[in-house]
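Each protein sequence line maps, in turn, to chains A and B.
Just so we're aligned: the first sequence equals residues 16 to 269 in this note's numbering.
Just so we're aligned: the second sequence equals residues 21 to 657 in this note's numbering.
Hints in this document: simulated from the structure, not taken from any laboratory.
Beta carbons: idealized from backbone N, C-alpha and C, even for Gly.
None of the hints are false.
Computed, partial: chain B to chain A, Cβ under 8 Å: (1) V148; (2) A149; (3) E157; (4) Q184; (5) Q185; (6) L188; (7) A259; (8) R403; (9) L569.
Covered stretches of chain B, going by a simulated chain A footprint (3 or more residues, C-beta under 8 Å): (10) 78-89; (11) 136-146; (12) 189-203; (13) 286-296; (14) 461-474; (15) 555-568.
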Amino acid sequence: MRIILHIWRQRNASEKGRMVRYELPNVNQEMSFLEMLDVLNEDLTAKGEDPVAFDHDCREGICGMCGCMVNGVAHGPLPGTTLCQLHMRHFKDGDELYLEPWRARAFPVIKDLVVDRGAFDRIIAAGGFISVATGSAPDGNAVLVPKENAERSMDAAACIGCGACVAMCPNASASLFLSAKIAHLGLLPQGLPEREQRVVAMVAQAQQEIFGSCTNMGECEAVCPKGIKLENIAIMNRDFLRANWAGRPAVAQG
Amino acid sequence: MELDSKCPTGPIETRWDRHRFSLKLVNPANKRKHTIIVVGTGLAGASAAASLGELGYNVLCFCFQDSPRRAHSIAAQGGINAAKNYHNDGDSVYRLFYDTVKGGDFRARESNVYRLAQVSLNIIDQCVAQGVPFAREYSGYLDNRSFGGAQVSRTFYARGQTGQQLLLGAYQALERQIGTGQVKMFPRTEMLDLIVVDGKARGITTRNLITGEIESFVADAVVLGTGGYGNVYYLSTNAKGCNATAIWRAHKRGALFGNPCFTQIHPTCIPVSGDYQSKLTLMSESLRNDGRVWVPKKAGDQRNSSEIPEQERDYFLERKYPSFGNLVPRDVASRNAKQVCDEGRGVGETRLAVFLDFRDSIERLGKHVIAERYGNLFEMYERITGEDPYKSPMRIYPAIHYTMGGLWVDYNLMSTIPGLYVIGEANFSDHGANRLGASALMQGLADGYFVLPSTIGDYLASNKFDKIETSHPAVREVESQVACVTKKLLDNKGTRSVDSYHRELGKLMWEHCGMSRTAGGLEQALSKIPELRDQFWRDVKVLGSGDELNQSLEKAGRVADFFELSELMCLDALERNESCGGHFREEYQTPEGEAARDDKEYAYAAAWEFRGVGNRPDLHKEPLTFEYVHPTQRSYK
Chain A
16 MRIILHIWRQ RNASEKGRMV RYELPNVNQE MSFLEMLDVL NEDLTAKGED PVAFDHDCRE
76 GICGMCGCMV NGVAHGPLPG TTLCQLHMRH FKDGDELYLE PWRARAFPVI KDLVVDRGAF
136 DRIIAAGGFI SVATGSAPDG NAVLVPKENA ERSMDAAACI GCGACVAMCP NASASLFLSA
196 KIAHLGLLPQ GLPEREQRVV AMVAQAQQEI FGSCTNMGEC EAVCPKGIKL ENIAIMNRDF
256 LRANWAGRPA VAQG
Chain B
21 MELDSKCPTG PIETRWDRHR FSLKLVNPAN KRKHTIIVVG TGLAGASAAA SLGELGYNVL
81 CFCFQDSPRR AHSIAAQGGI NAAKNYHNDG DSVYRLFYDT VKGGDFRARE SNVYRLAQVS
141 LNIIDQCVAQ GVPFAREYSG YLDNRSFGGA QVSRTFYARG QTGQQLLLGA YQALERQIGT
201 GQVKMFPRTE MLDLIVVDGK ARGITTRNLI TGEIESFVAD AVVLGTGGYG NVYYLSTNAK
261 GCNATAIWRA HKRGALFGNP CFTQIHPTCI PVSGDYQSKL TLMSESLRND GRVWVPKKAG
321 DQRNSSEIPE QERDYFLERK YPSFGNLVPR DVASRNAKQV CDEGRGVGET RLAVFLDFRD
381 SIERLGKHVI AERYGNLFEM YERITGEDPY KSPMRIYPAI HYTMGGLWVD YNLMSTIPGL
441 YVIGEANFSD HGANRLGASA LMQGLADGYF VLPSTIGDYL ASNKFDKIET SHPAVREVES
501 QVACVTKKLL DNKGTRSVDS YHRELGKLMW EHCGMSRTAG GLEQALSKIP ELRDQFWRDV
561 KVLGSGDELN QSLEKAGRVA DFFELSELMC LDALERNESC GGHFREEYQT PEGEAARDDK
621 EYAYAAAWEF RGVGNRPDLH KEPLTFEYVH PTQRSYK
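Assemble the whole structure, with the sequences as input and the hints as a guide.
Here is the structure:
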């Protein structure tokens, strides 16, 4: 089938970008979306044109490295799917697709569809962990975790840190990402001692990175490839209020 | 060169404890005077960097991805083994040790494997404390399952995402150290060479993947946790970025390469659908618990699966291995699938697939039971192929999945270059010729959390380190060599893309050095690879410049290394005139068609020394002795 692509081309962070039109006359419907881009890049290379830069790695929907906006939707039209797991059979002959990088001030464009998501790492470094040095752990069964908590914790821990939530949010808020980690660790007994300082430190870091505020639009949940739930944001907000009442200092104790 | 494994002797149960006591310690006040470089942030690299940071060393940590959390350990599905015996089903450290030595087809060191089994206990404790959400029983206790044909339930898991959760645990521990400034992280930075000064590993030269800047970093020791080399085959279950550049360039600087031909093929992957295919996706092995593997009896049978009557189907695993049936180990299942396809009985458009059929299980147990057990896998299959496996059988085919070979290391995980440590899949140490399911995660974390942090101190405490700057002539020399290779690739003005060469090499390797190998095929590959490599250097086309994000340039450097490594793999496979584990030489099989080991001639680890591109490398042999587990023939009839 024939697919028309309009792709955001931007040489580097400082240069201005623009949309460029490409036509792919022979797209096989069994291809994944990224394989279609591979084919485009092979064509461009043959013609001596600079191939399109895009981030990707595992291509099985778990590493969180890939992703771009497809016709205004993060990771494209199929719910619960990363871009690498989206296949061309979900499109039809003659479709026109607009590909843009994640749009958020906290994710500056590096080149074409590649953005810098370092802000996510800095948020985790601020407090998204349990402080346990190697070797100091008690036996695995010394601390019991109710199955329900373990399951809910796992639901939140499934976040792959791709950034689709931020890209889709009209405010470019990182609340779904933040809250997934806060809920994952806060729902486990091991995570309780640092629960309050964790939320304060992570939220402070997110503000410093200039992510926007959450207004409960729910766009993040709608595009999340791993089905991370909005209820995590409620958990985060509750933890945040409680931590502030308790008067914890707003610094992570690393 | 004399290979000294530095393995302790005496009772195996106390070897690691006695060895640890004999290691020199670095005074806490002196730890901050040492800098250690860690390359790679998978389970091994991230856990090592975090643990070394906690100990007080200055750590410089590198990964080529945009974040340390992306490393390919994240994709491991099944679980992690530990000899906790929480189920009271007869498991023990000794049994895990025994199973691993036997599963590795008697080509691993007993001392290393025993330590791995011992340390497995601490790994689970550590991960639980970090908040890894392992599966739980209703009582709140940790749940276990039996995995990969093991007769005990020793596998801990977090749904089908165990690797992800363990990696996030290690990543969070690493980020905590980054937050304190103890570890300095360099994402999107690729190691392109190793700096050796006065015979010791003293640093690395890197390329900043965003700016293209070639930079060097010096340290007192270098740790490589850069994963395996399955992408030699182009199509594999590895992530697209997985590469052998770090270990290969260290090899060229003097680190011996151990058992390069030991590669593992996973039997249940989604088959190739076309020439554009970029990678293969693994489906968990657990599917073979309820799925029946079959092909049509008649070659070239093009009918739809539903039109082939029962008596015209060949359930070949059940027929050939009545007692294990569809649950035979990975290598046996893979080879048999290849065999029936070679006979022209493969299914699907490409004829390179076999059916994995759930019809009988659905009839017996009901669709809801199958959905409960494998719902997410069925969904994944449907997402990729567009077919509903509840209605028609899955099509599966084997794919490269893991490499047991890697840089040779001693018991301390140090390579033959003093100060260069290699951990996780990047080394050759613990799995012998075949890795058991749920053991890769165990080894990565054992090396990173518990083994390396102990052993590296001994090296730092017993050596003197002259201060060197990045202006040192040895550093400058390496930098200019790296810059020269980059320039050569960019100035080439060839006609073919990097990917087209990589695909061609991959096909060649899959054909001649894949699931089964013959002397003739390997010799053919050994004559074709250098030709193709020369053509690559003459004719590869890499656009763009070196001072920007240039993904073609990154790939070109990696593929250039694959060209050299692939030759060594074939040579090692040709040299090993026996079949063992993942290495199956058609000339060496039992009358029943099973792998025939030759313990008299080949009970050694092969360690190859680089002698220049195109020159025959030197083979060194580390003899393997088995004091506890006595070599037997594996049988699954």
